[in-house]
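Engineer: Build the full structure now, drawing on both the sequences and the hints.
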Amino acid sequence: MSRQAHGRLRAGAVGGMLLIAAAFFAVALWTGDEAQAVITGRVGDPLVYPSPIELLYSPNGTQLYVLCNESDELRVLDASTGAAIKSIQVGHIPRGISLSPDGSRLFVTNTWDDTLSVIDTASLQVVAEWPVGAEPSSVIEDRGGKHLFVANRISNDVAVLNARTGAEEKRLAAGRGASYITPSPDGSRLYVTHVYPNPTPHRTAPESEITVIDTARAVVVDRIPLHSIAHSFHLTFSRDGRLGVVAEMHPKNLVPLAHLEHGGAFVDTLTLFGTDVGDKPVEVPLDELERYAARPFGVLITPDKKFLYVTSEGSEIVTVVDVPRLLRYIHTHQGPFAEDLSASGNYVVTRIAVGHDPRGMALSPDGSKLLVANRLEDTISVIDTHTNRLASTVRLAAPKQMSVLRHGEQTFYTARYSFQGQIACANCHIDSTFDGLQWDLEPDGFGRDIVDNRPIEDLKGTEPYKWNGGNPNLPTECGPRTEKYFWRSEQYDDLTLSDLVTYIQSLPPRPNRYKLPGYELTPAQERGKALFVRAVDKFGAPIPLTNRCVYCHSGPKGTNQKSFDVGTKKATDNPGLLDTPQLTNIALSAPYLHDGSASSLEEIWTVFNPEDKHGRTNDLTKDELNDLIEYLRTR
Amino acid sequence: MKRIFVTAFFLSASLLTSAAPADAPKAGAVPNMPRFRFENFSTANGLPDNHVYSVLVDGDRVWAGTNNGLGLYENGKWKVFTTKDGLAHRAVLSLALDKNTGDVWAGTMGGLSRISGGQIKTYTQLNSGLSNDVVYGVSIEGEDVWVATAAGACRLNLRTGAWDLYNERNTPMVEIWVYGVSATPTKVYFAVWGSGILEYDQKTKAWDKYEDPDGETELVLFKDQGLIHEITTSVSYVDHVLWAATYFGNSRYDGRYWHNFLMKDSGLPSNFTNAVKGVDANRAWFGTDNGLAYYDGTNWAVYRPSLTTHKPEMTVRDAAGHVTEIHVTSAPAHNYILGIDFQGKDIWVATAEGLSHGIFQP
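Residue numbers (my numbering), protein chains in the order written: chain A, 1 to 635; chain B, 1 to 362.
The reader is advised that the hints may include incorrect statements.
To be verified - No farther apart than 27 Å at their CA atoms in a straight line, the calculated lysine-lysine pairs in the BS3-like style are these:
1) A:K280 x B:K77
2) A:K529 x B:K205
3) A:K280 x B:K79
4) B:K205 x A:K280
5) A:K306 x A:K466
6) B:K209 x A:K622
7) B:K79 x A:K515
Keep in mind that the hints were calculated from the coordinates and are not lab data.
Structural biologist: As structure tokens, this is what we get:
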């Protein structure tokens, strides 16, 4: 969306806030002409937008499947006219889609239901819904039709299902945040990428991996390390299988974020691997000075291996890479390349502006058109692959009005507000969650005041913010602080900041997978809860009120919203107390403590609580500590 | 007493000697016991250390847990994993294969490590729910990793990530020094040093305990009326039969009857047994301080370097107690045996002075 369009939005916002929007379901347009933005104002009511996130052509190329992330549906369009054929309701917040090798079935992963929808492509009916792991994010069926492989983001594994019955046969341990599965062109291997970094020693560079699965044996056979990579997304292969490419983010979290003006926050990169590359993977940047490619997500190589297309969510562009030039560059130049902002000029052909939050892509069967799903704009950009120019933009049937929440979400995901468009809120809050990293945020010297990134779900009632409790509310947290220390650039206008805050406050807690149905506690969780609320230690001595777990971590969110000294501050920390963090889904957000020095919940007490200042725990046996942790995992 | 035996467990075999069966060969048909050509590995040909605590066969691959790293033998070459690769500790005491996922689990002197796709993830008593960092045994059944440690047993559920600890507070365990574990879909058995055998029923979740009816003595007053001794070192549950090793003989239990094996009335080369691995309900291999022994349900065979000449030696003892020496040209690397695994008809043996591959000779 252009800045002029934003201006129109802002102008109409006051009136728009008072409007009650009627649901609007227009017939999808597929005219080939650039669609006009028909948004007329901003409204306070939450509206449900389709939010296309992935695209897929049907096996015969006559239909286009559009996976809609917010409206929980799979839309089926006529691939030539764009006419709506059907809307198929799937589970809550679908994220991944794939076709069975014989084309008879479509699979959709539903992230908040922990289910897999099976759709018959002939009847376009959901014929089965199978339970899988925690937050299933993508799915692939093997060539022989024996197994389905489902990447589960929260349980960090790949479920192997019987492809006929859906019965789960086993789970394969993947990396942290397993999210996207890509088969090799011959189908013999599956490659899994991950949106969160694997655990590493405190204050060391992040590490991720490509988990490689032998499809026939359904076992993990390799883990290709991705050094310095924290978040990786889609992976693709050239048709000949000689080149693999991963879209990824390379954070520079070991240096102060204040160095954004020196290109110091992230490098948006690709990792190349395979026979065309050599023995070791090679990381190459997409960024150039003032032309960043924030948050690469989708990758696609044309069948002739001439071009590589990459969507960048935050920069709202598709980067076009000349593949032969890219390969020539890495073989004729000395690496490492990742932080060389002059490198991409050697292989990037052009950057095509598309819509808000571009995600998945699909190449038309004849290869002439590249379709791009713009999630936060409900449009599909159509790129002419001969000219590498935007040919048209197609608007899906969607509410005409812009809601406060949608505008807030767009603000959260776009990188346009930061210095040279480098980063956005979503850079550190991957898909509105967290990043598993620790940052040196403020310009107080290298290595001072390191802070762990906290999740942002269910935030209402957990203020103040920052680990030092310095920001009393979200407008302060997201406004002046973000503008000064993070963006070092354009300030939000008041309404945009208000919309952003409203969006963040609207983020609900994800389902807690450690709770039993009905929220009953297991015996271990019950025992742990008793320890959490206890007032007397095992020797019969009273525990001072302020040294009981339940005192600081009180209330439904697990915080009394006050600051304390729990004995965890380091010599490199600035003076002051530490805010009590909320406990919502605490099991998911390792590492822990204000600086992320505890790699697990256990280490909070086995390593970092020698004087019982972080609750009375040193009287507990190992089994009792395990019980306490089992209870915490239900919060 | 306990300290003495633990010290002995880690001492090299050169310090440990014991009398061997001295029966002279008798005339008559010699039982046809399996013969092997032993190929021995040492640091000279790539093994990370000659002191090998454990061995695990994974198809064509062989893992060796040594005193100085974990070795993987594949395609004729050794690859070594060390603490620099994330291994919990250099001393790898136990190994187990997750047959579902292909992952390998290594119990070490400093925690539990999972090797998957060539990368290592480590669990310790500080960073996880693991009961203790000294992991003597590990066994995988379904989605559960069962662990024998120096401070009780525990179970990691791979699906939920939950740890369950088992010790004197919630089981009949008296001592908490758990040396071995064998997990199956129906039962899980633990060799508890000084506390006999502990049994966990997977269906009823109930615990049971098997102890030496003679108590904590080295006397055998009630042979075949229970476990041979409290100081157990290894268990193997196969075909609903429990094989148990102790420092004072070995036992077989079929759920109703016990049968004990002592050096004086069986073909065991020593009562001091570090490892047992059942082939089926009737056959088992024993790793002692005086050689490798095989029991086929009737007869015994012993494979070792001679205790006197150190030349390769194989002896066969029939049901009548007649011992026949078989001419062989190779033997396990050492007679102090710590671990056993099978590769088809071949056998792999962890010893105090190298890893041995017994290649079956038809």
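Engineer: Evaluate each hint against the coordinates.
Structural biologist: Evaluation of the provided hints:
1. Distance restraint check for K280 (chain A) and K77 (chain B): the Cα-Cα separation of roughly 21 Å lies within the 27 Å cut-off, and the hinted pair is therefore satisfied.
2. Of the pairs offered as hints, the one joining K529 (chain A) and K205 (chain B) holds, with about 23 Å between alpha carbons and a cut-off of 27 Å not exceeded.
3. Of the supplied pair hints, the one linking K280 (chain A) and K79 (chain B) holds, its CA atoms being roughly 19 Å apart against a limit of 27 Å.
4. Between K205 (chain B) and K280 (chain A) the alpha-carbon distance is near 49 Å, which puts this suggested pair outside the 27 Å criterion.
5. Proposed proximity of K306 (chain A) and K466 (chain A) is contradicted: the alpha carbons are some 47 Å apart, above 27 Å.
6. A C-alpha spacing of about 23 Å is found between K209 (chain B) and K622 (chain A), which places the hinted pair at or below 27 Å, so the restraint holds.
7. Restraint check for K79 (chain B) and K515 (chain A): not satisfied, since their Cα atoms lie roughly 42 Å apart, outside the 27 Å limit.
Consistency with the previously given hints fails for numbers 4, 5 and 7, ordered from lowest to highest.
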